[in-house]
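Throw the hints in and build the complete structure from the sequences for me.
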Amino acid sequence: MLISKLVGERSKTTPSDAQFTSHAFMLRAGFMKQVSNGIWTLTMPAKRIANKIETIIREEMDLIEGQECLFPVVLPRDLLEESGRYESIGLELVRFKDRNNRDNVLGMTHEEAAVHLARNTVSSYQQLPFMIYQIQAKFRDEARSRGGLIRVREFTMKDAYSFHETQEDLEKYYKRVYDSYIKIFKRIGMKNFIVVQSDSGMMGGSIAHEYMLLTPIGEDSIVICNNCGYKSNMEVAISKRDEIEDEDLQPIEKVYTGDAKEISEVVENLKLKDNSKTLKAVVFNIKGDLKANVLCFIRGDLEVNEAKLKKIVKKDIVPASLEDSNLIAGNIGPVGLKEDKNLIIVYDNSVKGLKNVVVGANENEYHFINACEGRDFVIDKTYDISKVQAGEKCSVCGSPLSIENGIEIGNIFQLGTRYTETMNMNVLDKTGKTFHPIMGCYGIGVGRAMASVAEEKSDDFGLVWPMSIAPWHVYLCPIKFNDAEIHAKTLEIYKTLNENGIEVLLDDRDVSPGFKFADCDLMGIPIRVVVSKKLLEKNELEIQLRETKERFNVPINSIVPKIRQIIEDSIKTND
Numbered sequence: 010m011l012i013s014k015l016v017g018e019r020s021k022t023t024p025s026d027a028q029f030t031s032h033a034f035m036l037r038a039g040f041m042k043q044v045s046n047g048i049w050t051l052t053m054p055a056k057r058i059a060n061k062i063e064t065i066i067r068e069e070m071d072l073i074e075g076q077e078c079l080f081p082v083v084l085p086r087d088l089l090e091e092s093g094r095y096e097s098i099g100l101e102l103v104r105f106k107d108r109n110n111r112d113n114v115l116g117m118t119h120e121e122a123a124v125h126l127a128r129n130t131v132s133s134y135q136q137l138p139f140m141i142y143q144i145q146a147k148f149r150d151e152a153r154s155r156g157g158l159i160r161v162r163e164f165t166m167k168d169a170y171s172f173h174e175t176q177e178d179l180e181k182y183y184k185r186v187y188d189s190y191i192k193i194f195k196r197i198g199m200k201n202f203i204v205v206q207s208d209s210g211m212m213g214g215s216i217a218h219e220y221m222l223l224t225p226i227g228e229d230s231i232v233i234c235n236n237c238g239y240k241s242n243m244e245v246a247i248s249k250r251d252e253i254e255d256e257d258l259q260p261i262e263k264v265y266t267g268d269a270k271e272i273s274e275v276v277e278n279l280k281l282k283d284n285s286k287t288l289k290a291v292v293f294n295i296k297g298d299l300k301a302n303v304l305c306f307i308r309g310d311l312e313v314n315e316a317k318l319k320k321i322v323k324k325d326i327v328p329a330s331l332e333d334s335n336l337i338a339g340n341i342g343p344v345g346l347k348e349d350k351n352l353i354i355v356y357d358n359s360v361k362g363l364k365n366v367v368v369g370a371n372e373n374e375y376h377f378i379n380a381c382e383g384r385d386f387v388i389d390k391t392y393d394i395s396k397v398q399a400g401e402k403c404s405v406c407g408s409p410l411s412i413e414n415g416i417e418i419g420n421i422f423q424l425g426t427r428y429t430e431t432m433n434m435n436v437l438d439k440t441g442k443t444f445h446p447i448m449g450c451y452g453i454g455v456g457r458a459m460a461s462v463a464e465e466k467s468d469d470f471g472l473v474w475p476m477s478i479a480p481w482h483v484y485l486c487p488i489k490f491n492d493a494e495i496h497a498k499t500l501e502i503y504k505t506l507n508e509n510g511i512e513v514l515l516d517d518r519d520v521s522p523g524f525k526f527a528d529c530d531l532m533g534i535p536i537r538v539v540v541s542k543k544l545l546e547k548n549e550l551e552i553q554l555r556e557t558k559e560r561f562n563v564p565i566n567s568i569v570p571k572i573r574q575i576i577e578d579s580i581k582t583n584d
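Those letters in the sequence shown? Residues 10 to 584, per the working numbering, in order.
Hints may contain errors.
Straight-line C-alpha distance at most 27 angstroms; calculated DSSO-like pairs for lysine-lysine [as the list claims (entries may be wrong)]:
#1 Lys571 to Lys195
#2 Lys263 to Lys402
#3 Lys240 to Lys323
#4 Lys195 to Lys184
#5 Lys249 to Lys402
#6 Lys498 to Lys543
#7 Lys184 to Lys200
#8 Lys200 to Lys240
#9 Lys466 to Lys324
#10 Lys296 to Lys323
#11 Lys56 to Lys14
#12 Lys396 to Lys364
#13 Lys56 to Lys42
Because the hints were derived from the structure by calculation, they are not lab data.
Quick look at the structure:
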């Protein structure tokens, strides 16, 4: 490929709207162009990278007996109504009518399509287990797309679905996919990634894991124990907290707190040592029913974990509007709280046994001090609905926990019979009885994987693509390409490299060497080969490696075996 013919301009200037390093460099290198919010066109270099990532994914999926297929982009409403997801998924699911006034959706994930295929082709346990997968463009109407390819609305994804007779069989296959994903991410050049326990969310099911690239720009919070190796997404993370210190019970007293509503204001008003001696009330509405509220009580120094809360109430929740309720914002407390059929009350584990704490008095401008659980209000049951905080004890080994940020680069779920049961997929077992197959599902976003590698691998000068997914292996850089001798020798080298299966981008422009070197660094091509008068006089070429900056000369007649060796050694390092 000649760089003069390459579509996509390169720029020295960082775009003002670039949020992350990967975003900025991929825009500057001309790898992509924004069409709309969260929707991008990939130019040839980025598409070549995506193709290589997809090839690696296919190779690893095929090694674990995956069968590649292709589901439709458009799914009828009926299929998602069978699973219950037509109503449960929010605005991110694009719904539309066709010319015959039939309701359809754009597929975000394809569990329903996979079950539809399986239930119409599989009838016996002898056909199990099997896994089907696809690599396909999808659309999810994200409310907040950002960061280039990190969070988009239209994306290419590998999604896979496995079907099993028993839970034991699913767990065995789940482990194979678990290990396969690690191989995939290593092969595409990622280093600083971990696997964490996660929440299954809208997918349903019980057990789930996410593959996270640890990076300061990540939106997800990852709870990590560096002693025993416990790792979990904040959504499902647990910890051990110190037991409540014993203290004498003080008489409860109602006090005037004026317009102090926030916990910090109450602490300041009452001159408390910190907010751990307060009880915080957090209110949510049930989605679709603004009159129904979920009222959470939690120790004042903790935060409610919405993912945990959703699992407990088994409802979708949204930030509360208290206009149609009897609750007084900023003064809600458990003492004397009136019963309300539209109110679900959930107590966090941290509330059990609390003594001498400040709580809302359910009266404007007043709070109670010295409220005690068990004396002034009684709890039947508590739940873990709190976010883990850094420094809390690991629930496994008791060591301090740390919290890091991460980007989700892949996920795997044990779905159980969530879809096969609701969609009535029945298979005969060896005794002739019917059962619902047990499912697993497994996803990797191709564009996000590309952007994540770019985020991890870039330096001050640009992108640094691993050899396994680089758009080209070699950036061929002639100095004074218009010189007849340089021109002829460069084209000869270009032809020789291509004929030997080495992918080459030839910089055929009449610009300065520094300009060419800067573009080579910006684009992240792993090997730079320089052709110049001085080098040709010695019958040599100069090689510089993008990642290590190592530079050395090679005889022209040795250039093919030397580059092959560099490519093989580099790819082998990631395997």
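Hints versus structure:
In summary, the hint linking Lys571 to Lys195 is supported, as the alpha carbons are separated by about 24 angstroms, within the 27 angstroms threshold. This hinted pair does not check out: Lys263 and Lys402 have alpha carbons roughly 35 angstroms apart, beyond 27 angstroms. At roughly 25 angstroms between alpha-carbon atoms, Lys240 and Lys323 fall within 27 angstroms of each other, so this suggested pair holds. For the proposed pair Lys195 and Lys184, the alpha carbon gap of about 17 angstroms is at most 27 angstroms, so the pair holds.
Taking the CA atoms of Lys249 and Lys402, the gap is about 5 angstroms. The hint holds against a cut of 27 angstroms. Among the hinted pairs, Lys498 with Lys543 is consistent with the structure: their alpha-carbon atoms are about 13 angstroms apart, no more than 27 angstroms. Of the supplied pair hints, the one linking Lys184 and Lys200 holds, its CA atoms being roughly 21 angstroms apart against a limit of 27 angstroms. Taking the CA atoms of Lys200 and Lys240, the gap is near 17 angstroms; set against the 27 angstroms cutoff, the hint holds.
Among the hinted pairs, Lys466 with Lys324 is inconsistent with the structure: their alpha-carbon atoms are about 41 angstroms apart, more than 27 angstroms. For the given pair, Lys296 sits about 11 angstroms from Lys323 by alpha-carbon distance, which is consistent with the 27 angstroms threshold. Note on Lys56 and Lys14: the hinted pairing holds, with a Cα-Cα distance of about 16 angstroms set against a maximum of 27 angstroms. Among the hinted pairs, Lys396 with Lys364 is consistent with the structure: their alpha-carbon atoms are about 22 angstroms apart, no more than 27 angstroms.
For the hint pairing Lys56 with Lys42, the CA-to-CA distance comes to about 12 angstroms; that is within 27 angstroms, so the pair holds.
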